[in-house]
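Based on the sequences and whatever the hints tell you, model everything.
2 protein chains.
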Amino acid sequence: MVTNHQVLFNKEQPTGLPKPGVTTKPSSVELDIDNVPLNGGVLTRNIAVSLDPTMRNRMKGDIGYFTPAYEVGKPVTAIGIAEVVRSEVDSLAAGDVVFVWSLGIEEYTIHSADAAKMFRKFDAAHLNNGLSITTYLGAAGMAGMTAYMSIKEIIGDLKPGNKMFVSGAAGAVGQLVTQIAHQAGVKVIASAGSDEKCDFVRSLGADETINYKTEDLPAKLKAFAADTGIHYYYDNVGGDQLEAYINVAARYGIIVACGYISGYNVDKPEDVVYPKNLFNIVTKELKYQGFIVSSFIPKWLGQFMKEIPQMLAEGKIKNREDVTFGVYGAEDAFLRLFTGDNNGKVAVLIDTERAEKWNLGKQKQSAKIWN
Amino acid sequence: MVTNHQVLFNKEQPTGLPKPGVTTKPSSVELDIDNVPLNGGVLTRNIAVSLDPTMRNRMKGDIGYFTPAYEVGKPVTAIGIAEVVRSEVDSLAAGDVVFVWSLGIEEYTIHSADAAKMFRKFDAAHLNNGLSITTYLGAAGMAGMTAYMSIKEIIGDLKPGNKMFVSGAAGAVGQLVTQIAHQAGVKVIASAGSDEKCDFVRSLGADETINYKTEDLPAKLKAFAADTGIHYYYDNVGGDQLEAYINVAARYGIIVACGYISGYNVDKPEDVVYPKNLFNIVTKELKYQGFIVSSFIPKWLGQFMKEIPQMLAEGKIKNREDVTFGVYGAEDAFLRLFTGDNNGKVAVLIDTERAEKWNLGKQKQSAKIWN
Numbered sequence: 001m002v003t004n005h006q007v008l009f010n011k012e013q014p015t016g017l018p019k020p021g022v023t024t025k026p027s028s029v030e031l032d033i034d035n036v037p038l039n040g041g042v043l044t045r046n047i048a049v050s051l052d053p054t055m056r057n058r059m060k061g062d063i064g065y066f067t068p069a070y071e072v073g074k075p076v077t078a079i080g081i082a083e084v085v086r087s088e089v090d091s092l093a094a095g096d097v098v099f100v101w102s103l104g105i106e107e108y109t110i111h112s113a114d115a116a117k118m119f120r121k122f123d124a125a126h127l128n129n130g131l132s133i134t135t136y137l138g139a140a141g142m143a144g145m146t147a148y149m150s151i152k153e154i155i156g157d158l159k160p161g162n163k164m165f166v167s168g169a170a171g172a173v174g175q176l177v178t179q180i181a182h183q184a185g186v187k188v189i190a191s192a193g194s195d196e197k198c199d200f201v202r203s204l205g206a207d208e209t210i211n212y213k214t215e216d217l218p219a220k221l222k223a224f225a226a227d228t229g230i231h232y233y234y235d236n237v238g239g240d241q242l243e244a245y246i247n248v249a250a251r252y253g254i255i256v257a258c259g260y261i262s263g264y265n266v267d268k269p270e271d272v273v274y275p276k277n278l279f280n281i282v283t284k285e286l287k288y289q290g291f292i293v294s295s296f297i298p299k300w301l302g303q304f305m306k307e308i309p310q311m312l313a314e315g316k317i318k319n320r321e322d323v324t325f326g327v328y329g330a331e332d333a334f335l336r337l338f339t340g341d342n343n344g345k346v347a348v349l350i351d352t353e354r355a356e357k358w359n360l361g362k363q364k365q366s367a368k369i370w371n
Numbered sequence: 001m002v003t004n005h006q007v008l009f010n011k012e013q014p015t016g017l018p019k020p021g022v023t024t025k026p027s028s029v030e031l032d033i034d035n036v037p038l039n040g041g042v043l044t045r046n047i048a049v050s051l052d053p054t055m056r057n058r059m060k061g062d063i064g065y066f067t068p069a070y071e072v073g074k075p076v077t078a079i080g081i082a083e084v085v086r087s088e089v090d091s092l093a094a095g096d097v098v099f100v101w102s103l104g105i106e107e108y109t110i111h112s113a114d115a116a117k118m119f120r121k122f123d124a125a126h127l128n129n130g131l132s133i134t135t136y137l138g139a140a141g142m143a144g145m146t147a148y149m150s151i152k153e154i155i156g157d158l159k160p161g162n163k164m165f166v167s168g169a170a171g172a173v174g175q176l177v178t179q180i181a182h183q184a185g186v187k188v189i190a191s192a193g194s195d196e197k198c199d200f201v202r203s204l205g206a207d208e209t210i211n212y213k214t215e216d217l218p219a220k221l222k223a224f225a226a227d228t229g230i231h232y233y234y235d236n237v238g239g240d241q242l243e244a245y246i247n248v249a250a251r252y253g254i255i256v257a258c259g260y261i262s263g264y265n266v267d268k269p270e271d272v273v274y275p276k277n278l279f280n281i282v283t284k285e286l287k288y289q290g291f292i293v294s295s296f297i298p299k300w301l302g303q304f305m306k307e308i309p310q311m312l313a314e315g316k317i318k319n320r321e322d323v324t325f326g327v328y329g330a331e332d333a334f335l336r337l338f339t340g341d342n343n344g345k346v347a348v349l350i351d352t353e354r355a356e357k358w359n360l361g362k363q364k365q366s367a368k369i370w371n
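Residue numbers (UniProt numbering), protein chains in the order written: chain U, 1 to 371; chain F, 1 to 371.
These are calculated hints, taken from the structure and not from any lab test.
Every residue, glycine too, gets a C-beta built ideally from N, C-alpha and C.
Just so you know, not all the hints are guaranteed correct.
[Said to hold, decoys possible] Covered stretches of chain F, as calculated for chain U (at least 3 residues, CB under 8 Å): (1) 253-264; (2) 282-290.
[Said to hold, decoys possible] Simulated restraints on C-beta separations: (3) Lys222(U) with Arg120(F): 36 to 46 Å; (4) Arg120(F) with Ser194(U): 54 to 64 Å; (5) Tyr252(F) with Asp341(U): 30 to 40 Å; (6) Pro14(F) with Ser102(U): 48 to 58 Å; (7) Ser294(U) with Pro298(F): 35 to 45 Å; (8) Pro269(U) with Phe338(F): 24 to 34 Å; (9) Gly16(F) with Gln183(U): 45 to 55 Å; (10) Arg251(F) with Asp267(U): 25 to 35 Å; (11) Ala223(U) with Arg336(F): 39 to 49 Å; (12) Lys11(U) with Phe338(F): 46 to 56 Å; (13) Ser102(U) with Arg251(F): 11 to 21 Å.
[Unchecked claim] Using 27 Å as the maximum straight-line C-alpha spacing, the simulated DSSO-like pairs for lysine-lysine come out as follows: (14) Lys284(U) with Lys287(F); (15) Lys19(U) with Lys60(U); (16) Lys287(U) with Lys222(F); (17) Lys276(U) with Lys287(F).
See the structure below:
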């Protein structure tokens, strides 16, 4: 018997910030990992999970969101990495390290056979290649794929000399976008929520930064736009920053709509800020297109996995991670995503022993460790 | 000497409906057409002009619009067709019939050599082929090109069985879009401002219509969307109808942003309605893209001129025109665009004698004649 520590979804929270202990709560349950019936499925020992802003929308009850709302009393689920303990599925065996779309924030999870079909096994080339496990949840995982694939799909070839505005640039996706754009010869102006984050983003290659909490964002965007306008906007936040971009967009400007974090935690739905200048979508012939990475993984995954993990391992792309150790730390870590107290990609390392087996040494170097 | 009747731009009108006699005013000037110096340019006798909603935005003063504001005291300009009277430009000769981007709403215009370089000569195949001159300003002209080219560029191949919502469907562009979509096997729901217009739009192939002034547009859209959602939205109006579409959009839905007429004549800028559900651009992975036809004419004009005029001449595509005779009628005709009292594509026939030479017989049949 083991004690399976869990973070449960506890209460729908349609507005405001998520509340550790209220929206979610720590719990535990005894589990006989040797004998618990799997009913044709798989038991995993969970190594790490990714915490993403989009999870906030699943805590609001049924709002017609594209992924289902969390169920009260069950573990919050997230994208994660796990090791198979026992399997009744032919394609999986004990010891396999797998990438899981929907992993409970807990130490062990029993998956149905159908769910297990969606697992993706790590191939040997990507284990012990110098990258930490959590990097495979961030820059070499969903966040990196989001940055890489959305640019490929919605912008196509970045044109050297063009200008890009990246919002949320110190975040999981933004930091990758900043580097991809800069390395393609694009001039980047990036927004973030503190001077320290702005320094970090400049170290990644941003030509100009805006601390949106203390500086005049529209004025700085306008100065950067100068005579040419700004050709691309990588939008993680929506709201005021989206409106400010539309005002300085170049003709045929492209908006990659990756997130709308400014609206996720408002107190009242009417507090969400929507741009009041959409007429310019017509007059400037802008393209404003939404993106969810799962739609494009089949098309781009091979190319991504060939290019990006290697670039990360060689330091050609940098990444900053905010890694919390232990299941229960997930509650505060998730809150940091919205207060801006996080520092880069937020992930929770659940099982340090397994992570060590798959490069914890590297993990300790790259991660900001909070607890 | 002739008297050149003109409609002058008279007063900036940032909000509300344009006012005949105030925003614009009738005027006239004596012109010695045989001797007036051309300074290397061209004198045209004007046959017809197109009146388009977008002209409203040029009557507001400098609002950063993509075409310059009208100048007080000078003729209002529009897209038009004219015949060359005298030319000091080598490529043009008296008697040439030309398509002109910026033609004064007046009987004669003197164009600079630079302006004359932008003229497009009608080739013989398109004169006296059974289409009226005004049709070359509507379904076989800019409105038709807008419908045709925007679908090609932003949607690409229409998928039979998919659903489309067309707003402003009885208007110049909407009536063509409805037919193109219907003939491609797309199921069309179309909005218009009267029951009579809805009947007309159904006669063009719309499966369902909404009189947006009397019916519950969101409810009818929702019913039409049923389980599949609506795959395309051809947006001529913006505002409430845009918001209603986003709520029922299918995943990967495409919005062709062609106009925002709901916002052109508001009393106060804050009265323009903007959708409050843009978060769905992200979650449904919608593409919302603006279109101005001049950007794509070089690419598609040849194909358009091969296909569409012939289809119109054969009755395979229908069009309804609201043709006013005489320069001074332009003021009321322009107002009708916004009150909804127009009936199809609004054009002004300036010179019935020249129009007769180039098929006035056909003109009389196809046009609704107002004065």
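Verification of the hints:
Residues of the stretch 253-264 of chain F with a Cβ under 8 Å from some Cβ of chain U number 5, which satisfies the need for three, so the listed coverage holds. Judged by the Cβ-Cβ criterion of 8 Å, the stretch 282-290 of chain F is covered by chain U as claimed, because 9 of its residues qualify and three suffice. A C-beta distance of roughly 37 Å is found between Lys222(U) and Arg120(F), which places it inside the suggested range of 36 to 46 Å. In this structure, Arg120(F) and Ser194(U) meet the distance hint of 54 to 64 Å, their C-beta atoms being roughly 56 Å apart.
The hint said 30 to 40 Å for the Cβ distance between Tyr252(F) and Asp341(U), and at roughly 35 Å that hint holds. Between Pro14(F) and Ser102(U) the C-beta distance comes to about 53 Å, which sits within the given range of 48 to 58 Å. The supplied range of 35 to 45 Å is met by Ser294(U) and Pro298(F), whose beta-carbon atoms lie about 38 Å from each other. Judged by the Cβ atoms, the range 24 to 34 Å given for Pro269(U) and Phe338(F) holds: they are separated by roughly 32 Å.
Checked against the hint of 45 to 55 Å, the pair Gly16(F) and Gln183(U) passes, with Cβ atoms roughly 51 Å apart. Remark: the range hint 25 to 35 Å for Arg251(F) to Asp267(U) is upheld by a beta-carbon distance near 29 Å. The beta-carbon spacing between Ala223(U) and Arg336(F), approximately 44 Å, falls within the hinted interval of 39 to 49 Å. In this structure the hint that Lys11(U) and Phe338(F) lie 46 to 56 Å apart at CB holds, the actual value being about 50 Å.
Checked against the hint of 11 to 21 Å, the pair Ser102(U) and Arg251(F) passes, with Cβ atoms roughly 19 Å apart. Pair hint Lys284(U) plus Lys287(F) holds up; C-alpha atoms about 15 Å apart against a cutoff of 27 Å. Taking the CA atoms of Lys19(U) and Lys60(U), the gap is near 13 Å; set against the 27 Å cutoff, the hint holds. Between Lys287(U) and Lys222(F), the direct Cα distance comes to roughly 25 Å. Compliance with the 27 Å bound is thereby established for this hinted pair.
Of the pairs offered as hints, the one joining Lys276(U) and Lys287(F) holds, with about 18 Å between alpha carbons and a cut-off of 27 Å not exceeded.
Of the numbered hints given earlier, the model fails none.
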